[in-house]
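Engineer: Heads up: the protein sequence lines correspond to chains P and Y, in order. Quick note: to get the working numbering, add 123 to the position in the first sequence (first position is 1). With the working numbering, the residue at position 408 of the second sequence is 402, and numbering never jumps.
Any given hint might turn out to be false.
Just the calculated beta-carbon pair ranges, DEER-fashion [as the list claims (entries may be wrong)]:
#1 Y/Ser236 <-> P/Glu388: 45 to 51 Å
#2 Y/Asp197 <-> P/Lys287: 52 to 58 Å
#3 Y/Asp296 <-> P/Ala209: 31 to 37 Å
From the derived model, a few chain Y residues whose C-beta atoms are all more than 12 Å from chain P [as the list claims (entries may be wrong)]:
#4 Gly122
#5 Leu124
#6 Val256
#7 Lys308
#8 Ser354
#9 Ala367
#10 Ala413
Simulated crosslink set (DSBU-like; lysine-lysine; CA at most 30 Å straight-line) [what the hints assert, rightly or not]:
#11 P/Lys239 <-> P/Lys287
#12 Y/Lys272 <-> P/Lys182
#13 P/Lys358 <-> P/Lys231
#14 P/Lys346 <-> P/Lys239
#15 P/Lys287 <-> Y/Lys336
#16 Y/Lys336 <-> Y/Lys379
#17 P/Lys271 <-> Y/Lys85
#18 Y/Lys85 <-> Y/Lys272
#19 P/Lys358 <-> P/Lys346
#20 P/Lys231 <-> P/Lys346
#21 P/Lys303 <-> P/Lys346
#22 Y/Lys336 <-> P/Lys303
These aren't lab readings, by the way, just hints derived from the structure by calculation. The C-beta atom is built at its ideal place from N, Cα and C for all residues, glycine as well.
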Amino acid sequence: MKAAVSQHTLSHLDWLEAEAIHILREVAGQCANPVLLFSGGKDSICLLRLAEKAFRPGKFPFPLMHIDTGHNYAEVIAARDRIAHAIGERLIVRSVEDSMARGTVVLKSANESRNKHQSVTLLEAIAEFEFDACIGGARRDEEKARAKERIFSFRDEFGQWDPKNQRPELWDLYNARSMKGENIRVFPISNWTELDVWQYIEREQLDLPAIYFAHTRPVVRRKDLHGESIVPVTKLTPARANETVEEISVRYRTVGDITCTAPVESTADSVAMIIAETALCCVTERGATRLDDQASEAAMEQRKKAGYF
Amino acid sequence: MSAFERLPEIDNGLLRFLTCGSVDDGKSTLIGRLLFDSKAILADTLSAITRTSQRRGMEAVDLSLLTDGLQAEREQGITIDVAYRYFTSGKRKYIVADAPGHEQYTRNMVTAASTASLAIILIDARRGVLTQTRRHSYIAHLLGIPHIVVAVNKMDLVSHSQERFEEIKSDYLGFTGQLGIANPRFIPISALNGDMIVERGADLGWYAGQTLFEMLESTPSEHGESDQKLRFPVQYVCRPQSEEHHDFRGYMGRLESGEIAVGDAVMIVPAGHRTRVKDIQIMGRSQPRAIAEQSVTLLLEDDIDISRGDMIVKPEEAPLISREIEATVCWLGDSPLDPRRKYLLRHTTRETQARVAGISHRLDLNTLERYAAEQLHCNDIARVKFRLAQSVCVDAYAENRATGAFIIIDEANNNTVGAGMIL
Ligand SMILES: Nc1nc2c(ncn2[C@@H]2O[C@H](COP(=O)(O)OP(=O)(O)O)[C@@H](O)[C@H]2O)c(=O)[nH]1
Chain P
124 MKAAVSQHTL SHLDWLEAEA IHILREVAGQ CANPVLLFSG GKDSICLLRL
174 AEKAFRPGKF PFPLMHIDTG HNYAEVIAAR DRIAHAIGER LIVRSVEDSM
224 ARGTVVLKSA NESRNKHQSV TLLEAIAEFE FDACIGGARR DEEKARAKER
274 IFSFRDEFGQ WDPKNQRPEL WDLYNARSMK GENIRVFPIS NWTELDVWQY
324 IEREQLDLPA IYFAHTRPVV RRKDLHGESI VPVTKLTPAR ANETVEEISV
374 RYRTVGDITC TAPVESTADS VAMIIAETAL CCVTERGATR LDDQASEAAM
424 EQRKKAGYF
Chain Y
-5 MSAFERLPEI DNGLLRFLTC GSVDDGKSTL IGRLLFDSKA ILADTLSAIT
45 RTSQRRGMEA VDLSLLTDGL QAEREQGITI DVAYRYFTSG KRKYIVADAP
95 GHEQYTRNMV TAASTASLAI ILIDARRGVL TQTRRHSYIA HLLGIPHIVV
145 AVNKMDLVSH SQERFEEIKS DYLGFTGQLG IANPRFIPIS ALNGDMIVER
195 GADLGWYAGQ TLFEMLESTP SEHGESDQKL RFPVQYVCRP QSEEHHDFRG
245 YMGRLESGEI AVGDAVMIVP AGHRTRVKDI QIMGRSQPRA IAEQSVTLLL
295 EDDIDISRGD MIVKPEEAPL ISREIEATVC WLGDSPLDPR RKYLLRHTTR
345 ETQARVAGIS HRLDLNTLER YAAEQLHCND IARVKFRLAQ SVCVDAYAEN
395 RATGAFIIID EANNNTVGAG MIL
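For reference, chain P alone in the conformation it holds in the complex:
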């Protein structure tokens, strides 16, 4: 992106960046023990760059933490470790499998999506480290239920998000106060869209997991409530009896749990080409690629109430 037309106005990316830095510094100024949730996905990779812009040459005033479902793509875990190492900050990993071993997460079936169970492990980690704020990379444009989310979002001691009990958020005066056991979720890139994220990745030349770029992968096309989805064929998500496996060029737009993240058909193998596709493309990010969200329009809202990020 080129600089703004007027020398007194910031370009939209510069504005978004400045806002996010301001938010991160407010967390540092107001909270005693924050943590930044880092998954190795593109949104949290942007968060790390923003934190560098906010706090360098100092260390981050918080550790990084990943809640690992154990069902992540190997490329994502590799990128997570590579990036955390390059940045020189502490990475805490807590895993859903440990919660399963403890008996606090009970699966209905072995291959069930572990996505929603992340919230249990997250709450356990929050209690373990006594975190008073969790910084995350969620965006308001991902989902209708997020459009009304605050930038500083209050969760009670059960991690619950009560849409009727959120603090009014005016100007850039954020209220991060909480009592012991309560928690604030902070979303510095609330106002970013998927396109903004990709433009920022290009501008900042950020390192990403390889599966964001076009690659050949065995998939099946599966009819569902919403038309057709492309489902990757993996050990966790095998093809069904009557399905034909095809090898096609795909890329991922989000990189969550394998059992609930689907790729889109694409040949975009550079950030610039992804930007071009995103700008023209006609499918919203989650709708296309989060298999578990499609069950109901209100699914996200229900999960958020239960403490999902």
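Got chain P; can you put chain Y with the ligand on it based on the hints?
Structural biologist: Just chain Y with the ligand now, kept in the frame of chain P:
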């Protein structure tokens, strides 16, 4: 996709605006239309909405469904909280705050208005200027929104009558003089048909002005002019104390207004120490200057004790430093303001205890009459005097939104219970 195109290189920044109107004036339809016409309604959102509309037994796609959010609200069929939407023209990014029109939700509009640079006030052409139109206009004005656009909607239902449009315009101008709203712009639209939103349509040929979209594209952003005073509230002090950065002391924050350059003389308030800017950095890289809304790290010539809550300004442009302030307050809390209690007041990055020294009057938003008040209830707007435990460095809200604004926090439950604009 075969050959790929790059987005336009022009970047005219970002504009935040809000839509307000009474229930059914067409806010949701208008926002839906803007998203739709700017091609930001992405195909699968659209297909999800088509299905919902069919479930409700409707024929055409209802654009207003695009802007509904929470389940409970969908059940009630009204929007009761502020929702944010995004679209881009390729040249400019927009953040739209959808403020609900329901009677009792002044607090939502105040919230939405606090970050907006432009307000679209919707009027139903059949109903004309209503009490709520005045109320919304007053709040937009009170919150210091610099650009007001009055959109007369549903022109298709009044035969696209120019006469009706002019009548509403003069009604509106009749009361804005009283409020002091400067130069509102007027536009006839049909949100449903898309007339004068992005396309001009065929039926409003008598209107020669800009379309709504042209207005949005050409409205200067808030800090478009550089005549404002430097206000740099310190958010965080960076002292790495590493070997490499042994004596490094960086003051981190965002320029709420004004500009700053290396070598500039500055003053730290409230203490009053003076020094000069040694360097301006982002991520360790130096830059010669910084402009309004940029987040940077300042290094100063002299070692001065500066902490979060202090503010860096230019010596000849000092703000008012005071332990007493008078402000227009909008009460947001469910329990009323109790003048006997202490509250926390957050102003820029500074937090201090506050006591009410007196409520001068409460304003009736419908009549704009003033009444005496002992207490303030949710959605009340009043003029209140406060005494503070510590000094704050303030400007009048009308001159500077960032240093003229504060929020009030109830320490008993940590809720944000009030919003204040310093007089
Ligand atoms: N004829 C006509 N109807 C409109 C127009 N704009 C909105 N409506 C209708 O007015 C009703 C209320 O609109 P909605 O957008 O839900 O209003 P809101 O309550 O302000 O969000 C809906 O039935 C719309 O279809 C318009 O320009 N012309």
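Engineer: Run the distance test for P/Lys287 versus Y/Lys336: straight-line Cα separation, threshold 30 Å.
Structural biologist: Holds, at about 26 Å.
Engineer: So if I understand the rule, the pair passes when the alpha-carbon distance is 30 Å or less; does Y/Lys272 with P/Lys182 pass?
Structural biologist: 22 Å, holds
Engineer: Taking 30 Å as the top limit, are the C-alpha atoms of P/Lys239 and P/Lys287 close enough?
Structural biologist: 22 Å, holds
Engineer: Is the Cα-Cα distance between P/Lys231 and P/Lys346 30 Å or less?
Structural biologist: 24 Å, holds
Engineer: Looking at Y/Ala367 again, its CB stays over 12 Å from all of chain P?
Structural biologist: 21 Å, holds
Engineer: Can you tell me whether the CB distance of Y/Ser236 to P/Glu388 sits inside 45 to 51 Å?
Structural biologist: 48 Å, holds
Engineer: Compare the distance between the alpha carbons of Y/Lys336 and Y/Lys379 with 30 Å, and conclude whether the hinted pair is satisfied.
Structural biologist: Given that 30 Å is the threshold and the Cα spacing comes to 13 Å, the pair holds.
Engineer: Is the straight-line distance between the alpha-carbon of Y/Lys336 and that of P/Lys303 30 Å or less?
Structural biologist: 22 Å, holds
Engineer: Using the beta carbons of Y/Asp296 and P/Ala209, state whether their distance is inside 31 to 37 Å or not.
Structural biologist: Holds, since Y/Asp296 and P/Ala209 (Cβ atoms, about 36 Å apart) stay within the stated range.
Engineer: Would the non-interface assignment of Y/Leu124 survive a Cβ cutoff of 12 Å against chain P?
Structural biologist: 25 Å, holds
Engineer: Does Y/Lys272 lie within 30 Å of Y/Lys85 when you go C-alpha to C-alpha?
Structural biologist: 36 Å, violated
Engineer: Would you check whether the claim that Y/Ser354 is not at the interface survives, using Cβ distances to chain P and the 12 Å cut-off?
Structural biologist: The assertion about Y/Ser354 holds, with a minimum of 22 Å to chain P.
Violated hints for the displayed structure, listed by number in ascending order: 2, 10, 18, 21.
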